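Novice: Each chain, letter by letter, is given below.
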Amino acid sequence: MLKFILRRLGSSLLVLFGASILLFFLVVNSGDPLSDLRESQANNRDQLIATRIAYMDLDRPWYVRYFIWLQGLGGYLLGQGTLGTNRSGQQVADLLANAASSTLRLVVLATVLAIIIGVAVGIITAIRQYSGLDYAVTFLIFLFFSLPVFWAAVLLKEYMAIGYNNWIAEPTLNWALIIGLAVILGLALQAAMAGSLARRAFTFLATVAVVVLGAYLMFALDMWRNPRLGPVVQLVIGLAVAVGATALVTGLRNRSVLKAGLVTVALGMVGYYATYGILFANPNGWIIAGLAVITVLVGVLVGRLLGGFSQGSAVTVSVVTALVMGTAIIAEHMMNYWPALLRVKSRPISTIGSETPNLKADFWVLFLDKGTQLLLPTILLTIISVATYSRYTRSSMLEVSRQDYIRTARAKGLGERQVILKHAFRNSLIPITTIMAFDFAGLIGGAVITERVFGWKGMGELFATGLHQVDPAPVMAFFLVTGTAAVLMNLVADILYAVLDPRIRV
Amino acid sequence: MIPVSSSAQNTGRPAGGTAVVDLAEAEDIKLRENAGRSYSQGALVRKRFFRHKAAMVSLVVLTLVTLLAFTSIGFAGIPGWWDKSYTSAATIVNGGKPTLSLVPQFLGGEGLRWGEHPFGQESTGKDYFALVMRGTQQSMIIAAIVGLLSTVIGAAVGAISAYFGGWVDSVLMRLTDLIIVIPLLVLAAVLGQMASGLELGIIPLAVVLGLVSWTSLARLVRGEILSLREKEFVAAAVAMGAKPGRIIAKHLLPNTIGVIVVNATFAIAGAVLLETSLSYLGFGVTPPDSSLGLLISQYQNAFTTRPWLFWWPGMMILAIALSVNFLGDGLRDAFDPRQSGAHRRKRGFFSRRASVTEAGATTAGGLAAAPTARGAGLNDAPVDADGRPNQPHNTSGFGAGGGQGGL
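Chains as they are written, first to last, in my numbering: chain A, 1 to 506; chain B, 1 to 407.
A hint or two may mislead.
Stated by the list, open to error - With the Cβ distance kept under 7 Å, some of the chain B side facing chain A (calculated, not the full set):
#1 181
#2 183
#3 185
#4 197
#5 198
#6 296
#7 317
#8 318
#9 321
Honestly, the hints are just simulated from the structure, not real lab data. As the structure is a computational prediction, the values presented were derived from the model and not from experiment. All C-beta atoms, glycine included, are put in the ideal place defined by N, C-alpha and C.
Put together the whole structure using the sequences plus the hints.
Specialist: Listed below in structure tokens is the structure:
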């Protein structure tokens, strides 16, 4: 295993090295780095040109400049490296450090959401092949594939951000919108659940009723401007997740797994009261990260202790339950500060920037501010990735469902849940893993456009500005991040292959 | 491709007593029944394609858009029927509002009307219809050149790499990895900036886009040919003294035509989106020429005041990309009906109830035939409804180490 990883890493590094030479050569030759100064009318024009030549080593051939860049990079092995300077002499490493955090925040969140939603949609459309739902989803996926990102972004800004901002100032009930949404949701849900006509009708009517009533209640309780959850809702969420996860993973008849889930809910409620003070005051990112680690550990521990013969499933159920409850607790604290955010920022979703500049406020308000700014780009990137994931999951599930072992599993008398999740889905995960490795690196590249549209100062902006100015250092810094991400994700995919299918020996 | 049992013709029911091996076969039998005569493989593919409704609608839309774009403002010096130029400014009439109206008068609209400036005017008074048509032309030219170039390069690299193997394979596949590891948009942007510096119009941009977007096809073709070259007909050709060039061109590539054609359409859709993205970012088509992406970039801030400047180019991109994608889907269904959604079947794959009632011949046959239909199946790659990653993923095992899992 270790030998394989090292060999793989070695060949990847060679490819990365070759690609960096290619890219450097192309960037250096893509235009004239002095063109803006040549047309300049400034008195000290010659001096400006001389300074820039000095900063960018323009008096040397490209391979010497590449070598200097590589030397700076190699310096990191000795602890004193540099990524070079841009044309005005700023250290690119500093620029990158600022830019990378916002881009990675965006890309990681979008990838995680896209995998969860895309895989779920893919499985459901494969199960309900050739149904109305399948056709509708297929059409939507084609639409998303063909959507120009920058164009869709402007539409999102206009109709989601500005529309929402106008509405939140003075929320009013828009019955046409609510009923329209309820009907669409009801139709989708009844198509996904399928069954007899009576069951479909029941699903549809129940969904419509729940959505309409829920919207009315949220409005009546002033939830839009003043949202809150409270312990009862937390308990209900926890119970629903524990029971639902158990039903999916092992079925409700496995009592020890169900018990593990329920104990996790109880511990979660204890945690809710225990951390309320810490989280309410003024926490920081480290506290939340620490609590997240503790949450996962508690989940693993409970699953191990109470799982009995099905420890693995019990650990899955309790970790999922613990994580969802933890997220709900964080969400409650965020909601507590929503009115505070509205006070400092009356139009919560602004269409430009990754955070509101010069906002001096509590941790939670800043957190919420970043969250609202993240919303639109994440929706955009997620929509595009979801199309890829769901399409691949669907075709891969259909491919697997033709195999002999699926028929054998049915012949043994296994339930549909086990056939679909354990025998079909597990085996269809390998191609999905490959896509995942590609998609993540591709998304960082795609973020170039998203960042431009939403005015983020991220890595994409670093790249675009660098290329416009024919300045190789920022472009190479961007490539370093995407290239490393590609190599790492492929390595992870290779290891996952072996985990998913023991026949594959790495 | 797959021998059709003659008894199926006699019994009349495809799924009757005979083992129908494959969905493609079942459909071929159905076609025979209706016509009473047999078809060649190509004719069958054509028939399946023409029955794909979405693909047919897309074909019509695409043809209309192409005709409109090239006849209206003319092309390559030949004047068209539209009298306004996309370069000359004019006085703005009525705030530049579009004069096109499609709502009839009895519905409260202004009646069917084409008008002086159907798509309106931009801020210097240029006719927006002419501008959008010019952008559409650019997109079409890009699509054609990129589709051609990336298909030729990709098929050649993939075929040569797989047929010769050894160091040729290693070198070509490492070269492919080299290009894949740089994000497509980044590579295209750098090359696009180079190409727009040449000031030779759109052609250099199209060529460089073609030079970077062949990688996924190369891998797909390589996977197909790795399994094809082990077949008997190749051994026979070698025994008869055929040269490698002839074997690749006459025996191997025609057998991968399905993968190639389908991938070409998705490459075209990808190229249209890539060009508009590059022009939006400022690395593609630059003023005074026009491109759909450039138009959106210039007028995105005018959305609230003059929305038509924003809607037309976007809808045009969407129409082109969507119809090309649907065409690709139709072609895939025609070449490989196993993945098809074109014809509705009662038996869902996962519905237990259905497989019980319809058990026996169809199910058993279908399952048993799946592996053989995929041949030695080193790299069965369902080409999917997307142009983006299009990565050969083999479901039957982990075969082509470097090529598949590489970078």
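Novice: Now tell me, hint by hint, if it's right for this structure.
Specialist: Here's how the hints hold up against the structure:
With its C-beta approaching chain A no nearer than about 5 Å, residue 181 of chain B sits inside the 7 Å limit, and its interface hint holds. The beta carbon of residue 183 of chain B is positioned within 7 Å of a beta carbon in chain A (closest approach about 3 Å), and the interface hint is therefore held. Satisfaction of the interface hint for residue 185 of chain B is found here, the shortest Cβ-Cβ separation to chain A being roughly 5 Å, below the 7 Å cut-off. Hint status for residue 197 of chain B relative to chain A: holds, with the closest Cβ pair at about 5 Å, below 7 Å.
The criterion of a C-beta within 7 Å of any C-beta in chain A is not met by residue 198 of chain B, whose closest approach is roughly 11 Å, and the hint is violated. Nearest Cβ of chain A to the Cβ of residue 296 of chain B: about 6 Å, under the 7 Å cut. The hint holds. The restraint placing residue 317 of chain B at the interface with chain A holds, with a minimum CB-CB distance near 5 Å, inside the 7 Å limit. The restraint placing residue 318 of chain B at the interface with chain A holds, with a minimum CB-CB distance near 6 Å, inside the 7 Å limit.
At a threshold of 7 Å, the smallest CB-CB gap from residue 321 of chain B to chain A is about 4 Å, leaving the interface hint in force.
Against the hints set out earlier in the document, a violation occurs for number 5 only.
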